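2 protein chains.
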Amino acid sequence: MPELRYNVITREWVIIATERAKRPDQFVRKQERNPLPPFDAKCPFCPGNEAMTPPATYVVPDTNSWRVRVTPNKFAALSYEGERKRIVQGIRRTVSGVGIHEVMVETPVHNMTTALLGDAQVEIIIQTYLNRFKFASSDPRIDQVTIFKNHGEAAGTSIEHPHSQMIATPVITSQLRERLSHALEHFDEFGECIFCRVREQELKDQTRIVLETEHFVAFVQFATLTPFSMLIMPRRHMACFAEIKDSEAADLARILRRVLAKLYRGLADPDYNYVVRTAPTEYSGVKHYHWYVSIIPRLTRMAGFELGSGMFINVSLPEENASFLRGIAVE
Amino acid sequence: MPELRYNVITREWVIIATERAKRPDQFVRKQERNPLPPFDAKCPFCPGNEAMTPPATYVVPDTNSWRVRVTPNKFAALSYEGERKRIVQGIRRTVSGVGIHEVMVETPVHNMTTALLGDAQVEIIIQTYLNRFKFASSDPRIDQVTIFKNHGEAAGTSIEHPHSQMIATPVITSQLRERLSHALEHFDEFGECIFCRVREQELKDQTRIVLETEHFVAFVQFATLTPFSMLIMPRRHMACFAEIKDSEAADLARILRRVLAKLYRGLADPDYNYVVRTAPTEYSGVKHYHWYVSIIPRLTRMAGFELGSGMFINVSLPEENASFLRGIAVE
Numbered sequence: 000m001p002e003l004r005y006n007v008i009t010r011e012w013v014i015i016a017t018e019r020a021k022r023p024d025q026f027v028r029k030q031e032r033n034p035l036p037p038f039d040a041k042c043p044f045c046p047g048n049e050a051m052t053p054p055a056t057y058v059v060p061d062t063n064s065w066r067v068r069v070t071p072n073k074f075a076a077l078s079y080e081g082e083r084k085r086i087v088q089g090i091r092r093t094v095s096g097v098g099i100h101e102v103m104v105e106t107p108v109h110n111m112t113t114a115l116l117g118d119a120q121v122e123i124i125i126q127t128y129l130n131r132f133k134f135a136s137s138d139p140r141i142d143q144v145t146i147f148k149n150h151g152e153a154a155g156t157s158i159e160h161p162h163s164q165m166i167a168t169p170v171i172t173s174q175l176r177e178r179l180s181h182a183l184e185h186f187d188e189f190g191e192c193i194f195c196r197v198r199e200q201e202l203k204d205q206t207r208i209v210l211e212t213e214h215f216v217a218f219v220q221f222a223t224l225t226p227f228s229m230l231i232m233p234r235r236h237m238a239c240f241a242e243i244k245d246s247e248a249a250d251l252a253r254i255l256r257r258v259l260a261k262l263y264r265g266l267a268d269p270d271y272n273y274v275v276r277t278a279p280t281e282y283s284g285v286k287h288y289h290w291y292v293s294i295i296p297r298l299t300r301m302a303g304f305e306l307g308s309g310m311f312i313n314v315s316l317p318e319e320n321a322s323f324l325r326g327i328a329v330e
Numbered sequence: 000m001p002e003l004r005y006n007v008i009t010r011e012w013v014i015i016a017t018e019r020a021k022r023p024d025q026f027v028r029k030q031e032r033n034p035l036p037p038f039d040a041k042c043p044f045c046p047g048n049e050a051m052t053p054p055a056t057y058v059v060p061d062t063n064s065w066r067v068r069v070t071p072n073k074f075a076a077l078s079y080e081g082e083r084k085r086i087v088q089g090i091r092r093t094v095s096g097v098g099i100h101e102v103m104v105e106t107p108v109h110n111m112t113t114a115l116l117g118d119a120q121v122e123i124i125i126q127t128y129l130n131r132f133k134f135a136s137s138d139p140r141i142d143q144v145t146i147f148k149n150h151g152e153a154a155g156t157s158i159e160h161p162h163s164q165m166i167a168t169p170v171i172t173s174q175l176r177e178r179l180s181h182a183l184e185h186f187d188e189f190g191e192c193i194f195c196r197v198r199e200q201e202l203k204d205q206t207r208i209v210l211e212t213e214h215f216v217a218f219v220q221f222a223t224l225t226p227f228s229m230l231i232m233p234r235r236h237m238a239c240f241a242e243i244k245d246s247e248a249a250d251l252a253r254i255l256r257r258v259l260a261k262l263y264r265g266l267a268d269p270d271y272n273y274v275v276r277t278a279p280t281e282y283s284g285v286k287h288y289h290w291y292v293s294i295i296p297r298l299t300r301m302a303g304f305e306l307g308s309g310m311f312i313n314v315s316l317p318e319e320n321a322s323f324l325r326g327i328a329v330e
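Chains V and B, in that order, give the protein sequences. Take 0 as the starting number for the first sequence in numbering that gives the first Met the number 0 and just add one per residue. Take 0 as the starting number for the second sequence in numbering that gives the first Met the number 0 and just add one per residue.
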């Protein structure tokens with residue numbers, strides 16, 4: 000018998016389709032990736048090709064080159080120049096499309112991938128996220144900052160050279176507004192952070208834990224929407240990503256790299272997105288919200304039912320996902 | 000300069016990425032579809048192969064055969080047998096996976112597509128939706144009924160023979176619950192149905208109208224999330240799909256078939272989903288909600304930003320989408 004599970008954080012129901020569920024090994028990538036060279040003369044993110052992108056806004060230097068390089072997105076979805084203006088006319092509401100859209104090149108090596116990087120390099124990437132997050136958040140035109148990564152075609156990337164992106168928008172999305180408000184309702188009713196509660200429950204159950212480090216816990220949620228999706232949640236209560244300490248950032252690099260390495264080895268380098276889900280900096284210190292990293296392997300497609308109802312059918316078992324990933328050895 | 004637009008129905012912001020926007024002809028399907036035979040001996044939905052599916056639950060007969068045939072989904076996401084049971088334990092909420100998951104085969108002809116069917120056949124399909132919707136809604140275990148179609152691989156279909164599906168769930172989704180509640184807030188504040196207001200504004204603006212019939216209006220929303228997505232909305236105020244009259248069902252068939260034919264001819268048979276978005280039958284007659292059909296061509300992918308923020312980047316202009324489709328002649 001299938002089971003419907005309720006996600007207490009997002010308030011979404013998911014159908015855990017036990018009768019249709021695939022075994023973990025059925026999600027292993029079958030199509031081989033095109034072999035890539037370590038340097039591609041046509042790649043705008045390769046060292047030496049810096050003139051192919053707008054001038055850098057942030058660089059972590061290396062002897063003769065750089066380790067991480069941030070530039071405005073050449074095909075930015077939002078314009079950095081301009082004023083934030085809101086027009087309200089009848090039922091129409093528009094805001095001028097100002098904002099910040101940056102590309103963060105994660106390594107000079109074209110054919111590298113996060114799973115294979117060293118911890119020190121991933122720590123530099125996390126510190127870069129933090130720098131750009133704080134920079135964007137300090138712009139008075141910005142209400143919300145989203146840091147994310149698209150890995151592979153199914154995850155929406157067009158350039159293979161490893162990179163993340165940041166889009167800072169002049170409005171807050173209803174998705175975030177609603178999650179903040181639901182978390183506040185939970186806090187008012189139960190006097191606790193719902194995210195901390197979920198993490199503690201997962202630690203108690205143990206069946207969906209993938210990896211634990213000093214400051215973080217990686218787990219498959221009880222009501223996870225899609226196969227092998229995971230959260231990496233800080234143990235310390237923090238509403239906003241900008242509240243992270245240096246020792247925590249280093250630990251986040253360690254757990255993120257290891258979790259991605261488990262996916263890389265266990266499922267043969269699947270396409271995935273990850274995203275830093277956080278309250279805006281103005282919420283730093285609030286008791287009801289909690290930031291985390293959400294990792295979403297793109298192993299299935301949204302069809303009409305998911306689009307039309309908002310409910311997902313998960314064709315895998317969260318407990319099996321976690322147990323499979325726990326079993327994948329990584330350094 | 001890009002523009003952010005607010006969807007007053009869903010409360011979602013969308014970035015209309017003017018600088019990245021593609022022309023309508025850039026969305027034309029490039030990959031040719033595999034040519035299909037009118038009959039496939041291995042297809043479970045072809046006439047003569049009825050034994051390959053569970054026994055029919057509804058059939059519209061034809062001389063020696065059938066015109067439309069409904070059966071339980073052989074790989075149902077929910078189990079028809081069983082009791083609805085909710086378990087609340089700490090922060091866990093689960094409901095037993097009972098529900099109704101049916102496949103509605105839309106034509107005996109394997110290589111047909113809705114855009115090329117006659118109006119009479121599409122009317123039979125709409126009447127079939129209505130029959131199954133009412134059947135599922137009358138089951139006391141069911142809270143929400145979603146009727147949808149997946150056309151093409153990018154839309155999540157695995158069987159090419161034209162068919163729609165119905166999934167009736169033992170819970171209501173937060174997506175629908177929130178839309179009902181937002182619509183109620185609008186009604187209480189402004190004394191009007193927000194959907195009727197949107198439709199009337201579109202009729203006044205005219206720039207995003209695709210097609211009008213006696214009882215329906217098809218339009219691209221002002222703040223539409225993805226290229227060429229459209230609504231087909233009844234002119235008469237109705238909260239629930241089950242309130243439709245026979246003359247309206249016939250007219251819905253006409254407009255749906257023509258809108259799909261415009262996509263078929265204008266964009267070379269793109270993959271798409273459509274879904275009947277409706278209040279549950281228990282809401283029939285309420286003044287604040289309004290059912291409609293949502294058509295979503297699958298021309299772009301959701302990437303990390305969309306997943307992580309809930310905000311979409313539309314790389315086309317809604318007004319250009321509509322004007323392009325208005326220009327495509329169909330019978």
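By construction, these hints were calculated from the structure, which means they are not laboratory data. Some hints here could point you the wrong way.
Since the list gives no way to pick out one identical chain from another, each pair is judged satisfied if it fits inside one copy or across any two copies.
[What the hints assert, rightly or not] Keeping only pairs whose Cα atoms sit at most 27 Å apart, straight-line, the calculated BS3-like set for lysine-lysine is: (1) K203 <-> K133; (2) K73 <-> K21; (3) K84 <-> K203; (4) K41 <-> K21; (5) K41 <-> K244; (6) K73 <-> K286; (7) K21 <-> K286; (8) K84 <-> K21; (9) K73 <-> K41; (10) K244 <-> K286; (11) K203 <-> K41; (12) K73 <-> K203.
Quick caveat: nothing in here was measured; it's all calculated off a predicted structure.
These are the hints, each one checked on the structure:
1. K203 <-> K133: neither (34 Å within a copy, 44 Å between copies)
2. K73 <-> K21: Between copies only: 16 Å across, 41 Å inside.
3. K84 <-> K203: between (49 Å within a copy, 25 Å between copies)
4. K41 <-> K21: between (40 Å within a copy, 23 Å between copies)
5. K41 <-> K244: neither (38 Å within a copy, 60 Å between copies)
6. K73 <-> K286: neither (39 Å within a copy, 48 Å between copies)
7. K21 <-> K286: Neither: 39 Å inside a chain and 44 Å across chains, both beyond 27 Å.
8. K84 <-> K21: Cα proximity of K84 and K21: across copies only (25 Å, versus 49 Å in one copy).
9. K73 <-> K41: within (15 Å within a copy, 49 Å between copies)
10. K244 <-> K286: within (18 Å within a copy, 52 Å between copies)
11. K203 <-> K41: Neither way: K203 and K41 sit 51 Å apart in one copy and 49 Å across, limit 27 Å.
12. K73 <-> K203: Neither: 47 Å inside a copy, 38 Å across copies.
Of the hints listed earlier, those the structure fails to meet are numbers 1, 5, 6, 7, 11, 12, in rising order.
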